[in-house]
Amino acid sequence: MLQIKNLEASIEEKQILKGINLEIKRGEVHAIMGPNGSGKSTLASVLAGKEDYEVTNGSVLFEGKELLELAPEDRAAEGLFLAFQYPVEIPGVSNINFLKTAINSIREYKGMQPIPAKEFLAKVKEKKELVELQSTLTNRSVNEGFSGGEKKRNEIFQMAMLNPKLAILDETDSGLDIDALRIVANGVNKLKTKDNAVLLITHYQRLLDYIVPDFVHVLYQGRIIKTGGKELALELEEKGYDWIQETEVSA
Amino acid sequence: MELTQTTIVAKPLPFADFVLPESKQGQNFLNLSFPTTRNEYWKYTRLGKLKTAKLKISQTSNITVETINNIVAIDRYQLVVFENGFLRNDLSDLTGIEENNTLSNKLSNEYFTALSDASFTSGINLKVKANTVLTKPLLLVNSSSDPESISNINHNITTQQGSEAMVCMLDLAAAEGSGFLNSVTRINAESSSNLEIVNLQVLGKATAIQNIYVDVAEDASFKHFGFSLIGQLTRNNINVNLNKTGAYAELNGVYVPSGSQHIDNHTYIDHIAPNCNSSELYRGILSNTATGVFNGKVMVRQAAQKTNAFQANNNILLSDKATMNSKPELEIYADDVKCSHGSTTGQMDKDALFYLQARGIKKTAAVKLLVTAFADDVVSRVSDEHLAELINAMIEKQISEN
Ligand SMILES: Nc1ncnc2c1ncn2[C@@H]1O[C@H](COP(=O)(O)OP(=O)(O)OP(=O)(O)O)[C@@H](O)[C@H]1O
Ligand SMILES: [Mg+2]
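Protein sequences appear in the order of chains A and B. So in our numbering, the last spot in the first sequence is 251, and the numbers never skip. So in our numbering, the last spot in the second sequence is 402, and the numbers never skip.
Everything labelled a hint here was simulated from the structure, so no lab data went into it. All values derive from a computational prediction rather than experimental measurement. Any given hint could be a false lead.
Said to hold, decoys possible - In silico lysine to aspartate or glutamate, EDC-like type, Cα no more than 20 Å apart, as pairs:
#1 350/B with 89/A
#2 350/B with 74/A
#3 363/B with 51/A
#4 127/B with 99/B
#5 362/B with 69/A
#6 363/B with 78/A
#7 362/B with 51/A
#8 362/B with 108/A
#9 363/B with 89/A
#10 100/A with 396/B
#11 350/B with 51/A
#12 362/B with 78/A
#13 397/B with 385/B
#14 190/A with 179/A
#15 362/B with 66/A
#16 350/B with 12/A
#17 368/B with 108/A
#18 363/B with 69/A
#19 350/B with 144/A
#20 100/A with 78/A
#21 363/B with 108/A
#22 100/A with 74/A
#23 100/A with 376/B
#24 363/B with 74/A
#25 350/B with 52/A
#26 350/B with 54/A
#27 363/B with 52/A
#28 362/B with 89/A
#29 368/B with 74/A
#30 362/B with 52/A
#31 244/B with 218/B
Pulled out of the complex, with its shape left as it was, chain B reads as follows (with noise of 0.2 Å):
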């Protein structure tokens, strides 16, 4: 989308020298304030860098393919390439995709969504038509090349009746780069339909930001991996709403931060309507001075009798000076259902470590043994196994440079 200049705002955005398109999103962002930690939705979880940094619109094009294939290898996928939110139309192929261009005609209150409802430069509008099978998955990078910049993305995914589809999305900034990426996701699996997404995030010192809404028809099934590995702030919210009968959600996810690095994610699991089954495993590995955190709120609306619901976060503090801030909240309003939340946090634990150095394994290998066990209760459930080989790797790596 062209950010055309001709409207002006009156109130420019705290952290980015540039104005908004006229448009009722427009006006919907700027009746909104930025959030603090006094707002609970946001408690853990600072913005005030944010807040005073320098931001604007790049078109900066750095990033290459070899960069994207040295994390993924991208000969198995659908490469679509977004880079400081413009598309690199060089990079992607974008056979069955097109650009999005229009504005979500619904509201947000939600700040950062409401902001890129309102000013994003591009997206992808996915449809998988009906009982078809996305044979090659997509791979969607979200890159900040520019250390500067603010990218705004607002993608569509639609997978039609009983149709399938896998998307891998990278989220990417170069290591040194301290850009912010905001994006919106909006999802919906229509009837018997199953959408998968492995979500790989690699974000050096950006802030990234990420809402995803997703809207679960009759059985209809909804996958989703987040697997935070570097990311000096990262805010996940995912929000599911599972509106009709069989419907299924999973949220899975595997933080690693280390250093000062924050990670924080809040899912929304809506059981609106009966006999749908959710289920939630997120798991932390924080190390150094690195703070985490996870809210997961299971609502349970009184139609919705039969429902399944499991939710469990584990952490695991390799530091004594790291943090981790964890809170299941479940509101039920229905009788006949079966609901689960457990969340657990604390060391390495020391007898099984010393059972294994005891066999005469080093400490570190050790460490590396339990803690890649740890996160591979989740890795293990994404169902591509090249991929599910590739993020253990990558946890691997993550915790043996802490």
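One chain only, chain A, in its complex shape (with noise of 0.2 Å):
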């Protein structure tokens, strides 16, 4: 579905990605962790196709296509999803509003109709039961004055209705409390099939005990330094990221 090849990427004269190379099956769930700064919304934040990273080398495909090479909208209509680490607030436009205008527009690049007022507020309310958003949220401009686990809650929700082929979550988990972890990850579980592939970053081992990974990636600097199953999550748990740099420094 995925394969991410010697891809480098700088901000501001700043080389950021060094080089990352990944691939993601069908039906495939990735971690990837890493120690702050090292590059792992970056990593996000390129492939969902934000302006301000520039990219230096290496290529992605998505399902074929070259990935680097549409616009953001494109990429979110080919089936790829990000929640952010940090969701913006975007006053004066109401979630539902926002929602309804992304799915007509993924529609409409698909060559589809748009989706009939019915079906699209019976899928708000399916959607919002599987992660136990509150109701007056989706009335509200989007993410202003949400907390912290509102925003994240709100992402899933987002995803949920937009059934994405790939979905990259961005430190999810960070902000949520201890029940609404449970429930946004069963929500992602529940969204998981043979066909699509979810992408998390996280630097908890706690989500990966609901969301369990197939691999994990450890990020440094840039570069993806390790990877393994889901026992590495523990084995950084335990002992933090030195350890690897030490073990890949003298191997």
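Could you fit the two chains together into a complex? Lean on the hints.
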């Protein structure tokens, strides 16, 4: 589904990603862990198409298409979804109007008619229940005045509404209380099929107890320096990143 | 008012080939000089083109009800139409309204006010009777259809004690037209009355200068909305006196200049009496090489204790060649007051734009969503929902065309 080859990217002349190689297949769950500032969100932003970053090398194939050549909105329409680490507040744009516009833009891209109002509302109701999103939140402006946890929940609600092929969840677990973490993780699990894939970015093993990854990667200073199974997360939790650094350097 | 040619004028108007009737207003006007950018009040608005324009009084009648109806559905309003400065009796319903043909006894030292005062050809006198509600809002159209015309209009509106009224003022010029609309509106909101004015400006290539003078009495409320959608050169001056305790003024505006258009809003709120509130919210969306000006002055006199004055001006520049000059001015002589003002000018919020795009929304649609939301903070204050919806649609259309 996704093949990242030797991806390098920089911002304001500063190189952040220094040659990322990663392959994600249908049905898989991948986790990326790594210290603050190692480039995890940068990778997510580059994949989603944020302009600020300059891709200096490498390629990304998504379902056989060269992802880096597509506009951000077309990447979304092709089935890529990014749950933001810091969801943006957009005053004056209602959540509902925003979602409807998003769904219809994607449908238009696929040559489909706009979603019938009834179908849309039924879907909103169903997906809201999935992440137990408070009813009033959908009528408010996008993320405006939402608590940290509500914003994260809203991201997963949007993911449920848009039903992407590949969802990148950037620290969706941080800021969630224990119950919310369970609810959100269950939501993600319910959305998981053998045809889609999830890339989790997280600092905590806790999330991976709920959403069990097939692979865990360690991103360190712009490179993936280690890949393992779910046990790797446990090991990191116990020993920290210094341990890997040392083993990698000595290796 | 008939323009009589009984008296000659020593100094002809720089931009128009006509003579003023003999009056002290005419004399007053002749003592004033044509404003230039050296004048602080006109610093950012150049009138050079107007100064050299060849303009004349014109009684051309072109405008039709359909033209107006295509912009604002007229069935909800009492329609009064002026074209090139003359009343279109055939299109107007003058129930409860008189045509204005008496000179104001005020002598203004503002050039264009003085010009209109001395030479206006028409206007309305509207008096909303005490404790009544104007059931059908007025749709007051001020149009220019002759590219060489100068229209001088002079309106008087009074809302008597405890009355309530809504007036929609539509300033209109044919897209290719380049006439000059000069209007003065004097408003008297008597005690406990409520007046709301919504001004839509669709002014094509015309030059429009508007002066509004408002007196607000005890516990009366005056709300003004200026939506400047198109206008090659538009200047709006709104001057409000909060004369008695409990008087309230709200001035709002959205301007959307594109191309090489220039839109300038000058507001002046004078807190004369104690316990008065005022609120101003102006938002601008500027594209191409358009320019905008906002100058908002709030004066709080020594007697005006417990004043509450809020002012904000926010602008989005959709192009790096657009410019905005924003200047809030506070002058406070009372000590127990709450005044705040803020002005921001910047590009579109990039993070918000990316967020919308990352959800599949096309960039142009995302810009439209964000800009409409930005303007809606002002538009949603319009009490007539129909009108608010219409204005939102007009703003959206304006943005999409740029
Ligand atoms: N706009 C920017 N300008 C300059 N440097 C930036 C910018 N955005 C990111 N960086 C730098 O890029 C590096 C990687 O940042 P990134 O947000 O990808 O880290 P991260 O791995 O997601 O960290 P965290 O775990 O704290 O979320 C950091 O050193 C950061 O300061
Ligand atoms: Mg991050």
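* Asked: Which hints, by number, does the structure contradict?
  -> Structure breaks no hint.
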